[in-house]
Amino acid sequence: MAEQTFDKKQLAELITTTAGMLRLKNVHDVCQLTAESVVKHSVFQRSVVSILEADDTFNRMGFGGLSDKEIEKLHKMPRSSLSSMEKSLSSKFRIGRSYYIPHDQADIEGLQSKRKPTAAAKAKQAWHPDDFLFIPLYDPDGKIIGLISVDDPEDQRRPTAETLLPLELFATQIAAGLENLRNVEKQQEMIQRLRDQQQVVLELSTPVIQIWDQVLVLPLIGSVDSARAQQIMENILVKIGETGSRVIIIDITGVPVIDTLVASHLIKTVSAARLLGARTILTGINPEIAQTLVHLGVNLSDIGTKSNLARGIASALEFTGKAIVPVK
Amino acid sequence: MERTRHISISNEHDIVLCRRSSRELARELGFNLVDQTRITTTASELARNIFEYAKKGEVIIGVIENHEGHLGLKMTFIDKGPGIDNLDAALGEGWTSHRGMGLGLPGSKKLMDEFNIESIVGKGTTVTVVKWQK
Amino acid sequence: MEIRVPILKIKNYLIVPIQVDLDDNAAARLQRDILIRIEQTGARGVIIDISVLDLVDSYLGRLLGDTAQMAELMDARVVLTGMQPPVALTLVELGLRLDNIYTALDMESGIELLESLL
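Chains as they are written, first to last, in the working numbering: chain A, 1 to 328; chain B, 1 to 134; chain C, 1 to 118.
Treat the hints as calculated values from the structure; they're not laboratory data. Quick caveat, the model's predicted, so the values are computed rather than measured. Misleading hints may appear alongside valid ones.
[Stated by the list, open to error] 16 Å max Cα-Cα, derived EDC-like pairs, lysine to aspartate or glutamate:
id, chain 1, residue 1, chain 2, residue 2
1, B, 55, B, 14
2, B, 109, B, 88
3, B, 109, C, 93
4, B, 55, C, 24
5, C, 11, C, 93
6, B, 134, B, 68
7, B, 80, B, 58
8, A, 40, A, 7
9, B, 110, C, 93
[To be verified] Some chain A residues near chain C, calculated using beta-carbon distances under 8 Å:
id, residue
10, 286
11, 290
12, 291
13, 293
14, 294
15, 305
16, 306
17, 307
18, 310
19, 311
Ideal Cβ positions, reconstructed from N, Cα and C, are used throughout, including at glycine.
Chain A extracted, bound-state conformation (with noise of 0.2 Å):
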């Protein structure tokens, strides 16, 4: 029998393929185009790629050389545990860096092929279609991530660790690719989290409280930037729509200085709410805010101003035709 030695074209071909995998978006379109380029490229005619879940199981992601209904019984199946994997781990399985079990040593459940062995396969180099071949995907810490199970081989020969170099060297790549993604993966959602959070920070701390009838008030507190600022506008003008309120008071007093981007996003908001109808009163104005408004050219025609809260509600009543009176 001749010598087995690595296929060249069969690693230049796969080798090819990383390439162009690793500008793949998410970790399921890797693991699918994994799973075809191994039935593409090498001996084996399936192949069946998992990503190891948070929970210790194998999620199969990627599917080559199956048929729908063969995806659809291993989607059935129960997900292998690691636990149950590592019992195939043992160095007396070790070939190179893949682990091959023969079937009469096999316990796990695997793929089932659907052909019969063939007289060559009858020999002793021979593939039994219940073996079970499979290389695990490490990160950079030696952890396990994932597997790439193989199945039915062309040659229905028996692998060595020459004939599957070009496999585990594709496996070394495709797990540095996965790696990165799920990296990146694992950043966006965290980044997501913190916009989702930041999000109801922002609404939390910017209420409109609607005190009387046409009345909105909006006390402002701690330092606003322009972000703060733009939700602000936002909450007062959705909510003068939705209560028709003709006056909205907003106080500052606990505010101790604007730059010139946020008395803009104010000024803007005075001139809105005025669109809508709606007076806005500016309470508690502090002297550094009364220079910069002034500086900037502030018309003060459209806004009313009190000195504090209190005058501020006042003058808000009085201009909706109401005042409070003391009871007899």
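Position chains B and C against the provided structure of chain A, taking the given hints into account.
The following block gives chains B and C in isolation, referenced to the frame of chain A:
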């Protein structure tokens, strides 16, 4: 009574010195109250321009006489600042917008009898004004 | 030596008599002091008396107008009193209309005006 005063401009207080100096000389020359005010206000505006745009410069306030023997008060404002690149715009009324900024040059021109300005970008500016006795 | 213009408080009003020729820094300080005093006292009216000033140039004129607007944002009204006729004429000739500030002939009429406004 021929007196020429030189005032160096390098800080805000020097603007006040220009006001005082021009007021004294205008009073001595017998200008009426309104003209005195016009003169000192002009001195304040143009001295401030020096300070604001060039950071330092010189003001010369003195008496002059014309060929008919009339006396007048002449003030010259010299700086080596950035110069004005669009004189027409600087002298035009369009400048006097939004809260009254940039009124110094066109205002002074209106308050005084004679007004002359020379400015070279990168070299500096010289403004000369005269108010004649009536 | 820093010139500091005194700010006096009478009832609900502040009285600011400007009795020296202010340089630009002193004028800016005065604006700040007035606004801070308004905040501290909750005063609703301010009289700025310039009857001693024989000169108001565009800088001071603008500053006074701004101060009136800033004070209004803080719910206080400013009345400028005692402007000398030559000063008024010169300001107008300069092109500064100062229509963003109330004016009165003297302090007494200034206070009357404040009372009618508030």
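Task: Hints violated by the structure (numbers, ascending) - done: Going through the list in order, the structure violates hints 5 and 18 and respects the others.
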